[in-house]
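Peer 1: From first to last, the protein sequence lines are chains U and F. Under the UniProt record's numbering, residues 1 to 361 are what the first sequence spells out, in order. Under the UniProt record's numbering, residues 1 to 361 are what the second sequence spells out, in order.
To be clear, the hints were calculated from the coordinates, so they are not data collected in a lab. Check the hints yourself; a few may be wrong.
Remember, identical chains collapse to one label, so a pair may be satisfied in a single copy or spanning two.
When the alpha-carbon atoms are kept at most 25 Å apart in a straight line, the in silico SDA-like pairs for lysine to any residue are as follows [unchecked claim]:
hint : residue 1 : residue 2
1    : Lys-331   : Ser-263
2    : Lys-62    : Ala-37
3    : Lys-331   : Asp-269
4    : Lys-331   : Thr-265
5    : Lys-291   : Asp-269
6    : Lys-70    : Ser-45
7    : Lys-63    : Ala-329
8    : Lys-85    : Gln-192
9    : Lys-85    : Pro-20
10   : Lys-70    : Leu-350
11   : Lys-141   : Val-244
12   : Lys-18    : Glu-315
13   : Lys-141   : Ser-48
14   : Lys-291   : Thr-265
15   : Lys-70    : Leu-304
On a predicted model such as this, the values are computed, not experimentally measured, just so you know.
There are 2 protein chains.
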Amino acid sequence: MSLEHFMQNAISEWMRVKGPQSDIVFSSRVRIARNLAGLPFPMLSTQSQAEEVVRRVEEAWKKERLAVLKDAELIRMSDLTDLEKRVLVEKHLISPMLAEESRNGAVLLSQDESVSIMINEEDHVRIQVLFPGLQLEKAWKLASQIDDWLESHLTYAFESDYGYLTSCPTNVGTGIRASVMVHLPALAMTQQLNRLIPAITQVGLAVRGIYGEGSEALGQLYQVSNQVTLGQSEEEILDNLQGVVRQMIEHEQIARRRLQEMSLTQLEDRVHRSYGTLAHARIIDSNEAMKRLSDVRLGIDMGLIVGVSANVMNELMVMTQPGFLQQYAGKRLNAEQRDIRRARLIRERLAMEQTNDQQTE
Amino acid sequence: MSLEHFMQNAISEWMRVKGPQSDIVFSSRVRIARNLAGLPFPMLSTQSQAEEVVRRVEEAWKKERLAVLKDAELIRMSDLTDLEKRVLVEKHLISPMLAEESRNGAVLLSQDESVSIMINEEDHVRIQVLFPGLQLEKAWKLASQIDDWLESHLTYAFESDYGYLTSCPTNVGTGIRASVMVHLPALAMTQQLNRLIPAITQVGLAVRGIYGEGSEALGQLYQVSNQVTLGQSEEEILDNLQGVVRQMIEHEQIARRRLQEMSLTQLEDRVHRSYGTLAHARIIDSNEAMKRLSDVRLGIDMGLIVGVSANVMNELMVMTQPGFLQQYAGKRLNAEQRDIRRARLIRERLAMEQTNDQQTE
Numbered sequence: 001m002s003l004e005h006f007m008q009n010a011i012s013e014w015m016r017v018k019g020p021q022s023d024i025v026f027s028s029r030v031r032i033a034r035n036l037a038g039l040p041f042p043m044l045s046t047q048s049q050a051e052e053v054v055r056r057v058e059e060a061w062k063k064e065r066l067a068v069l070k071d072a073e074l075i076r077m078s079d080l081t082d083l084e085k086r087v088l089v090e091k092h093l094i095s096p097m098l099a100e101e102s103r104n105g106a107v108l109l110s111q112d113e114s115v116s117i118m119i120n121e122e123d124h125v126r127i128q129v130l131f132p133g134l135q136l137e138k139a140w141k142l143a144s145q146i147d148d149w150l151e152s153h154l155t156y157a158f159e160s161d162y163g164y165l166t167s168c169p170t171n172v173g174t175g176i177r178a179s180v181m182v183h184l185p186a187l188a189m190t191q192q193l194n195r196l197i198p199a200i201t202q203v204g205l206a207v208r209g210i211y212g213e214g215s216e217a218l219g220q221l222y223q224v225s226n227q228v229t230l231g232q233s234e235e236e237i238l239d240n241l242q243g244v245v246r247q248m249i250e251h252e253q254i255a256r257r258r259l260q261e262m263s264l265t266q267l268e269d270r271v272h273r274s275y276g277t278l279a280h281a282r283i284i285d286s287n288e289a290m291k292r293l294s295d296v297r298l299g300i301d302m303g304l305i306v307g308v309s310a311n312v313m314n315e316l317m318v319m320t321q322p323g324f325l326q327q328y329a330g331k332r333l334n335a336e337q338r339d340i341r342r343a344r345l346i347r348e349r350l351a352m353e354q355t356n357d358q359q360t361e
Numbered sequence: 001m002s003l004e005h006f007m008q009n010a011i012s013e014w015m016r017v018k019g020p021q022s023d024i025v026f027s028s029r030v031r032i033a034r035n036l037a038g039l040p041f042p043m044l045s046t047q048s049q050a051e052e053v054v055r056r057v058e059e060a061w062k063k064e065r066l067a068v069l070k071d072a073e074l075i076r077m078s079d080l081t082d083l084e085k086r087v088l089v090e091k092h093l094i095s096p097m098l099a100e101e102s103r104n105g106a107v108l109l110s111q112d113e114s115v116s117i118m119i120n121e122e123d124h125v126r127i128q129v130l131f132p133g134l135q136l137e138k139a140w141k142l143a144s145q146i147d148d149w150l151e152s153h154l155t156y157a158f159e160s161d162y163g164y165l166t167s168c169p170t171n172v173g174t175g176i177r178a179s180v181m182v183h184l185p186a187l188a189m190t191q192q193l194n195r196l197i198p199a200i201t202q203v204g205l206a207v208r209g210i211y212g213e214g215s216e217a218l219g220q221l222y223q224v225s226n227q228v229t230l231g232q233s234e235e236e237i238l239d240n241l242q243g244v245v246r247q248m249i250e251h252e253q254i255a256r257r258r259l260q261e262m263s264l265t266q267l268e269d270r271v272h273r274s275y276g277t278l279a280h281a282r283i284i285d286s287n288e289a290m291k292r293l294s295d296v297r298l299g300i301d302m303g304l305i306v307g308v309s310a311n312v313m314n315e316l317m318v319m320t321q322p323g324f325l326q327q328y329a330g331k332r333l334n335a336e337q338r339d340i341r342r343a344r345l346i347r348e349r350l351a352m353e354q355t356n357d358q359q360t361e
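The shape of chain U in the complex, shown without the other chains (with noise of 0.2 Å):
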């Protein structure tokens, strides 16, 4: 399969287009966890009771589509391969424990793959609404229009004291979880993350990986999202959020001027360089490409390189995650090939940019 063609089918549609800041704002993600009433959590269901609400999900769908799904697709976890899986986790469109753990698991999933349902993962039913850049309110409203739809033909687990209930306490309530991909490597050149970060704690947001709980900031990339769910109404936890991030971008925008002031050359010597590593090496492991991408987006973003569009480096991100990778390889691979792999996939997709950097001098 020729590179470019993986690549229409691998990388997800939302994920093309420029969304709001997107020089620092990677992605917006709201999810909404809900139960049915009458059946019991998935973790004490048993397997018919499981299938019971994938059955009872999926006929909702066919009843009445929303425009947004009408294209979508049901997909069993029990059909998917290990590998298949695996690349449904590393595009974000699944969580590890739908993929792993998860009984008579399913996803609903949206052409674009912007909407995906998950069935049966800790909750019921978990929407999540995925958009480019800054857009939590659009994906807000999104994911609540999915959410009036379902309630329209299901009956939620509901208690006037706690609102929506859900398997997690830290759920119950609201059941919203907004969250942002933000991009800070100007901050953390500039050692002042480890300022900010537990500031953004204190004000009830959590700081994490791209890959959630416990996985490490790959690539200077950071998920800031709301820890409370209960005694905040959907509103201001939104606001809350978009308020932090909008300092986030603020500070982050401060320090790459000033970066560019104090040590341009500096700056533009690392970003270089880490393209002309990434555009040459054989052997290239997956925390090192992160890095070096995060090096060269902040150059594409910055405009000290030109010629290669900032989307690649996106792209990359996602591609050079190992279920990507082996999806490539069609077959299984171990660490070393990968590494071998992921260093041939992005020299290849680099050289797929019209122009080189020997033009773009």
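Could you slot chain F onto chain U? The hints should help.
Peer 2: Chain F only, in chain U's frame:
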């Protein structure tokens, strides 16, 4: 001044030609030390005595011009700027001592820069012949021919017990020093040099960095030369050196083949990463540049990098020295400025090569 134009003037003609074994032996040099009878050695000579030496050599040269010295130029150190002297040192055409410490120092330089006769260096006359690749015998033949020609016009200081007299006792006797510049990256990578160098020293040869005694072995380039000048004939000296160099070539070739068999991808990764760094860095110090140029040169010689000519690396090893950089810039530069200029010069030079790396994959 364009880089192309600068290079045409900067690089010695002999450097553009490929010599025998030039994938490992960069150059061969023979140097003959002679002194004129009846005049004190340079260290003890007065200004006017030193001037007398220059006058006598010039007179001989004007009386009968050897073909190789027909379009030669007599250059007095006092007519050169510090920067110009430095460039001649970096091209190995004069010694640091002649540039910095000589009294009435001068050099008679052939058009193609393969012959340089230093006047008033440590000895009155030092005839030097430099050829590309392994051509010790040819270099010796020419040096000897020049020596005979000079002797037919001048009276040398000579004692039948010792041979030719020289300022430093290590040169007494034949007054000949032969040296070969070898590139031994594979032996260095496989940690074999630590064993090899002491063995070479034991057979009366010296191993040094490329800028002579005390200089570091930058870029895995080594100068191997005879230590003994007394009690051996010129032929024995050359045979001994040549024999050892041939063994070094063989060891290096075996080490390269072994690297290719045992860790080809690692080797490819290393040489291509070095190429990527050279082609994209914005700041590069001399040490790193030499190391990366050595890697790329190895890659070219082993056929792992194509589309870049091997000579480019030799040129760049010379052109990125501090003197050259400043001459190209047309002004004095501090270390930081040199690192920036060095990176630019390398990028420009590599871009001049028709093919780029992407076409060579």
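Peer 1: Each hint should be assessed against the structure and marked as holding or not.
Peer 2: So, going through the hints one by one against the coordinates:
Taking identical chains as interchangeable, the C-alpha atoms of Lys-331 and Ser-263 lie at most 25 Å apart only when they sit on different chains, with a minimum of 23 Å there against 45 Å within one chain. Taking CA atoms no more than 25 Å apart as the test, Lys-62 paired with Ala-37 passes inside one copy only; the shortest distance there is 20 Å, against 111 Å between copies. In this assembly of identical chains, Lys-331 and Asp-269 lie within 25 Å of each other by CA distance solely across copies; the values are 23 Å between and 37 Å within a copy. Within a single copy, Lys-331 and Thr-265 get their C-alpha atoms only as close as 43 Å, which misses the 25 Å cut-off; across copies the closest is 20 Å, which meets it.
For the homomeric pair Lys-291 and Asp-269, the shortest alpha-carbon distances inside one copy (15 Å) and between copies (18 Å) are both at most 25 Å. Taking the closest pair of Cα atoms, Lys-70 and Ser-45 never come within 25 Å of each other, the shortest separation being 30 Å inside a single copy and 100 Å across copies. In this assembly of identical chains, the alpha carbons of Lys-63 and Ala-329 never lie at most 25 Å apart, being 40 Å within a copy and 76 Å across copies at closest. With identical chains, the CA atoms of Lys-85 and Gln-192 are never at most 25 Å apart, being 37 Å at best within one copy and 49 Å at best between copies.
In this assembly of identical chains, Lys-85 and Pro-20 lie within 25 Å of each other by CA distance neither inside one copy nor across copies; the values are 30 Å within and 59 Å between. Taking the closest pair of Cα atoms, Lys-70 and Leu-350 never come within 25 Å of each other, the shortest separation being 35 Å inside a single copy and 54 Å across copies. With identical chains, the CA atoms of Lys-141 and Val-244 are at most 25 Å apart within one copy only, with a shortest distance of 20 Å there and 80 Å across copies. Taking the shortest alpha-carbon separations for Lys-18 and Glu-315, only the intra-copy value of 12 Å comes in at or below 25 Å, while the best inter-copy value is 45 Å.
For the identical chains of this complex, Lys-141 and Ser-48 are neighbours neither inside a copy (33 Å) nor across copies (96 Å), given an alpha-carbon limit of 25 Å. Taking CA atoms no more than 25 Å apart as the test, Lys-291 paired with Thr-265 passes in both settings, with 19 Å inside one copy and 22 Å between copies. Proximity of Lys-70 and Leu-304 under a CA criterion of 25 Å is satisfied in neither setting, with 42 Å inside one chain copy and 52 Å between copies.
Checked against the numbered hints given earlier, the structure breaks hints 6, 7, 8, 9, 10, 13, 15 and satisfies all the rest.
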